[in-house]
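> One-letter residues, chain by chain:
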Amino acid sequence: MPNEPAASRRVSLERGGPVVVEGPVEVVLEDGTVARSDRFAVALCTCRRSRTYPWCDTSHRRRERAPADHTPEEAGRP
Amino acid sequence: MNAPAPATTAPAPALVEGRGDVSAAVVDALRTGRPPVHDPAALLRADPWGEDLQLALHLLYELHYRGFAGVDDDREWDPDLLRLRRALETRFLHALRVDLRHAPRSVEEAFAPLLVEPVDLSGSVSRHLETDGELWQLREYAALRSLYHLKEADPHLWVVPRLTGRAKAGMVAVEYDEFGAGRAERIHARLFAGLMADLDLDTSYGAHLDRAPAVLLATVNLMSLFGLHRALRGALVGHFACVEITSSPGSRRLAAAMRRCGAGPAAEHFYAEHVEADAVHEQVVRREVVGGLLADEPELEPDVAFGCAATVLLEDRLGAHLLTAWREGRSALRATDGVTPAGS
Ligand code: FES
Ligand SMILES: [Fe+2]
Ligand SMILES: [Fe+2]
Numbered sequence: 001m002p003n004e005p006a007a008s009r010r011v012s013l014e015r016g017g018p019v020v021v022e023g024p025v026e027v028v029l030e031d032g033t034v035a036r037s038d039r040f041a042v043a044l045c046t047c048r049r050s051r052t053y054p055w056c057d058t059s060h061r062r063r064e065r066a067p068a069d070h071t072p073e074e075a076g077r078p
Numbered sequence: 001m002n003a004p005a006p007a008t009t010a011p012a013p014a015l016v017e018g019r020g021d022v023s024a025a026v027v028d029a030l031r032t033g034r035p036p037v038h039d040p041a042a043l044l045r046a047d048p049w050g051e052d053l054q055l056a057l058h059l060l061y062e063l064h065y066r067g068f069a070g071v072d073d074d075r076e077w078d079p080d081l082l083r084l085r086r087a088l089e090t091r092f093l094h095a096l097r098v099d100l101r102h103a104p105r106s107v108e109e110a111f112a113p114l115l116v117e118p119v120d121l122s123g124s125v126s127r128h129l130e131t132d133g134e135l136w137q138l139r140e141y142a143a144l145r146s147l148y149h150l151k152e153a154d155p156h157l158w159v160v161p162r163l164t165g166r167a168k169a170g171m172v173a174v175e176y177d178e179f180g181a182g183r184a185e186r187i188h189a190r191l192f193a194g195l196m197a198d199l200d201l202d203t204s205y206g207a208h209l210d211r212a213p214a215v216l217l218a219t220v221n222l223m224s225l226f227g228l229h230r231a232l233r234g235a236l237v238g239h240f241a242c243v244e245i246t247s248s249p250g251s252r253r254l255a256a257a258m259r260r261c262g263a264g265p266a267a268e269h270f271y272a273e274h275v276e277a278d279a280v281h282e283q284v285v286r287r288e289v290v291g292g293l294l295a296d297e298p299e300l301e302p303d304v305a306f307g308c309a310a311t312v313l314l315e316d317r318l319g320a321h322l323l324t325a326w327r328e329g330r331s332a333l334r335a336t337d338g339v340t341p342a343g344s
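Residue numbers (the working numbering), protein chains in the order written: chain H, 1 to 78; chain Z, 1 to 344.
It should be emphasised that the hints constitute simulated quantities derived from the structure, not laboratory data. Just so it is clear, CB atoms sit at the ideal spot from N, CA and C, and this is done for glycine as well. Hints may contain errors.
[What the hints assert, rightly or not] So the derived list for chain H, only partly shown, Cβ under 10 Å to chain Z, looks like this: (1) Gly-17; (2) Gly-32; (3) Arg-63.
Work out the full structure, taking the sequences as your base and the hints as a guide.
If you want it as structure tokens, here you go:
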């Protein structure tokens, strides 16, 4: 981009959800270990409930009793 | 984790037998190179959710992906086959619209139930497999899902030329990840072939078509229908968002199921990868792809909601079919002559 300054890394926030950061990313954890991902973007867990911390695994979602007639089922993962 | 990845680019798959008048006419047309010959009344009689119509549609759609051994690649654009496909699609789409006449028409309402984690998972296939699944059920699940996963993310790529701006950039970013981010060994379809090899299943494309019942074929036909029609680009985006949003929690349970049953490292890795990847894909698809599309073409909102609702409907039906069969100790695969179900 000849007329633009060097691109900034974009970070997107969402209330109650992860922080999405453009990858690749290194996350330095409290104990000094480094988690690394080379995905084009990563979702960093902010709720601390993720079982794959520091990466979001959607555990931030509110748990809710579904209407009796409907249990959303996973739809096959693209 | 890095078992030698089986090739997924084997020769074109073999044709299967028809399951009724219409699908038999399609098989015959493909075998002989002649136009399909069928009683027009058979088309009107065929149940839109039945084996005959769903298989006929699936065979016609496959001409756009890998085709079939012994069938000229040019048949993809054979006007007689396309005319028949159009007639079948009309019946399929109409049946969907009838069954979804009370479904939400706003994106907010369509997605809201997917963005909470249900407390009651009694109807969830992944929960069943996680807690009570047996190896033969995992094998059946993988054999059936292979009809999509061996071409994972392919149907969705057709939407790209129909998008612009944020929606296009977001869609391509996610698809790039699905296709291994430049590394062939990381293509998700390839990872799925690794899962199948761990489960000792035939990994070749189309190998399990004959055993897949209509309730499974409908979930795959839905993607091809939405992907191939520019007029349905909103529905394709709604479908894709629905899959990405619902994938992570289900993938976590399926990874646990693979681990508990000792399926093997590649089998576990396929789902573990999707826990993390789809948590990201969800964010990008909701914000950029759905958000970008609706900023460009707000009139497509009911279509996006329709694509999401259609996906939930067909996945729920598939889930009910699988759980009913398995809870009765039966195979969920279609019985074919002289073949023992993977489960027995
Ligand atoms: S923010 Fe998603 S799991 Fe914590
Ligand atoms: Fe994927
Ligand atoms: Fe994905």
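> Tell me, which hint numbers fail for this structure?
Hint 2 contradicted; others consistent.
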